[in-house]
Amino acid sequence: MVRSITHYKSYDSFKTKKSLERKQKAKDKSLHKSKKIENYFIISEASLFGVVIEVRYNDCYVMYQDKVVLACLSKEINGVCNQILFPGDKVVLFFQSGKYYIKNLVKRTSILTRIKKDSTKLDDLGTTKYIAANIDLAVIVVAAQEPPMHSKFIDRYLLVLQNSNIPVLLCFNKCDMKTLEDEKVLDIYRKIGIAVVETSTVQNIGIDELKSYLYHKQAIFVGNSGVGKSSLTNAIMDTEETKTSHVSEKSKRGRHTTTTSKYYIWNDSSSIIDTPGIRSLDVTSFEPIEIQNYFSEFQGYRCKYNDCYHYNEPYENCAVKQAVVDGSISMERFESYVKIMEDVLDGNSFDLIIQDLHSRK
Numbered sequence: 001m002v003r004s005i006t007h008y009k010s011y012d013s014f015k016t017k018k019s020l021e022r023k024q025k026a027k028d029k030s031l032h033k034s035k036k037i038e039n040y041f042i043i044s045e046a047s048l049f050g051v052v053i054e055v056r057y058n059d060c061y062v063m064y065q066d067k068v069v070l071a072c073l074s075k076e077i078n079g080v081c082n083q084i085l086f087p088g089d090k091v092v093l094f095f096q097s098g099k100y101y102i103k104n105l106v107k108r109t110s111i112l113t114r115i116k117k118d119s120t121k122l123d124d125l126g127t128t129k130y131i132a133a134n135i136d137l138a139v140i141v142v143a144a145q146e147p148p149m150h151s152k153f154i155d156r157y158l159l160v161l162q163n164s165n166i167p168v169l170l171c172f173n174k175c176d177m178k179t180l181e182d183e184k185v186l187d188i189y190r191k192i193g194i195a196v197v198e199t200s201t202v203q204n205i206g207i208d209e210l211k212s213y214l215y216h217k218q219a220i221f222v223g224n225s226g227v228g229k230s231s232l233t234n235a236i237m238d239t240e241e242t243k244t245s246h247v248s249e250k251s252k253r254g255r256h257t258t259t260t261s262k263y264y265i266w267n268d269s270s271s272i273i274d275t276p277g278i279r280s281l282d283v284t285s286f287e288p289i290e291i292q293n294y295f296s297e298f299q300g301y302r303c304k305y306n307d308c309y310h311y312n313e314p315y316e317n318c319a320v321k322q323a324v325v326d327g328s329i330s331m332e333r334f335e336s337y338v339k340i341m342e343d344v345l346d347g348n349s350f351d352l353i354i355q356d357l358h359s360r361k
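Read in order, the letters of the sequence shown correspond to residues 1 to 361 in our numbering.
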C-alpha cells in the first residue's frame with residue numbers, strides 16, 4: 001500500500017520533499033501500466049501452466065509438462081519477454097505451427113524487485129531491476145570470509161524482502177571459518193525471530209538442514225558475489241557444476257550468466273532461483289515513516305511524539321534511542337536503520353547520531 005506523508009519535520013530538506021513526490025508519481029505510473037496488462041493478460045488461476053526458468057529479450061525458457069520448452073509471447077500481447085516475465089512466473093501456453101506461445105500470466109503471489117544503485121554494462125544506474133516472482137522463501141546467503149559478513153547489508157535485504165511479504169531465512173555459509181564476532185551478529189537476528197542455518201559446502205555442514213527449509217518451496221538465493229550461492233546450489237542438487245551453456249532438458253537448469261537469475265529444480269516440488277551477486281541495494285523508494293515498521297524490535301516503544309523518525313529527534317524525546325543505549329535494542333541494527341534513513345532523507349547525520357549514542361552508553 002502506498003502511504004503519503006502529510007507532515008514534514010523542519011529538518012527535512014526541500015530536495016527530500018521533491019524526491020518523495022517523484023517517487024509517488026513513479027509508483028502511480030507503474031501501477032497504471034500494470035493495470036493495462038492485467039486487463040487482458042493476467043488471470044487469477046490455471047489448472048495447467050508452465051514455470052519460467054530463464055528470460056531472454058523476446059522469448060523465454062519454460063518448464064512445461066516435465067520438459068524445457070522455448071516460448072514467446074502471443075502476438076496479441078504488446079511487449080517483450082524481459083519486460084513482462086521473470087524467473088518463477090507461471091504462464092499458460094498454447095502450441096501452434098511448431099512453436100509454443102504464452103497466452104496468459106497467472107497472478108503472482110510475490111515479486112522481488114530492487115532499484116539499482118550499482119550499474120553494469122547491461123543495466124542503467126537507478127533503474128528498477130525485477131529479479132523473480134512467486135517466491136515462497138528467500139535465503140539471504142552471507143559468509144564468514146571472502147566476503148566478510150556485514151549486518152547493514154543483511155538489514156537492507158530484510159527491508160526489501162519483508163516489504164514484498166516474502167519469508168526469510170539467513171544462511172551463514174563457510175561456517176567452518178566462523179569467528180566470535182560472526183556469532184554475535186548471528187545472535188542479533190536469532191533474537192528478532194529470523195531463522196539462521198549455518199553451512200559449509202567444503203565440510204558438508206548444514207546442507208541437510210538447509211534442504212529441510214527448502215522442501216516443497218520455490219526459494220530464491222540472494223547475497224553478495226562470492227558468498228557461495230552457486231556452491232550451495234551445487235551441494236543441494238548433488239552436482240559439481242551448475243553452469244551450463246544452454247538449457248538442458250535432462251538437468252532442468254537454465255543457462256548460467258552473471259547478469260540474470262537462474263532456476264534450478266532439485267526435487268519434484270522444490271526449486272531454487274539463484275540470483276547474481278548484488279553489490280548494493282537502493283532503498284530510497286521507501287518513505288521515511290515506513291522504515292521503522294521493518295525493524296520489529298522498535299515496536300512497543302513510545303516516543304514523545306507519535307511521528308518520531310528515531311533519527312534527528314533529541315535523545316530525551318526518543319524511546320528507541322534510549323533503548324539502544326540501555327542495550328535493549330542492538331546498536332548494530334540501529335546503525336543500519338540510521339544509515340537507511342540517511343539514504344532515504346538524503347541526510348548526513350549518521351556520524352553525529354551514532355557518536356552521541358555511544359557517548360551515552
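Derived from the structure by calculation, the hints contain no laboratory data. C-beta atoms are modelled at their ideal positions from N, C-alpha and C, and glycine is treated no differently. Warning: the hint list may mix true and false statements.
Dumping the calculated SDA-like pairs for lysine to any residue here, alpha-carbon to alpha-carbon at most 25 Å [said to hold, decoys possible]:
no., residue 1, residue 2
1, 304, 316
2, 103, 144
3, 107, 145
4, 339, 307
Computed spacing ranges between beta-carbons, pair by pair [as the list claims (entries may be wrong)]:
no., residue 1, residue 2, range
5, 95, 349, 35 to 45 Å
6, 95, 299, 48 to 58 Å
7, 95, 184, 51 to 61 Å
8, 83, 352, 35 to 45 Å
For each hint, the structure was consulted:
Taken as a hint, the residue 304 and residue 316 pair is honoured in the structure, with Cα atoms around 9 Å apart against an allowance of 25 Å. Simply put, residue 103 and residue 144 have alpha-carbon atoms about 46 Å apart, too far for the 25 Å limit, and the pair is violated. Simply put, residue 107 and residue 145 have alpha-carbon atoms about 40 Å apart, too far for the 25 Å limit, and the pair is violated. For a cut-off of 25 Å, the pair hint linking residue 339 to residue 307 stands: about 19 Å separates their Cα positions.
Remark: the range hint 35 to 45 Å for residue 95 to residue 349 is contradicted by a beta-carbon distance near 60 Å. Our hint of 48 to 58 Å for residue 95 and residue 299 holds, since their Cβ atoms are close to 52 Å apart. For the pair residue 95 and residue 184, the beta carbons lie near 57 Å from each other, so the given range of 51 to 61 Å is met. The given range of 35 to 45 Å is respected by residue 83 and residue 352, whose C-beta atoms sit roughly 43 Å from each other.
The earlier numbered hints that this structure contradicts are 2, 3, 5.
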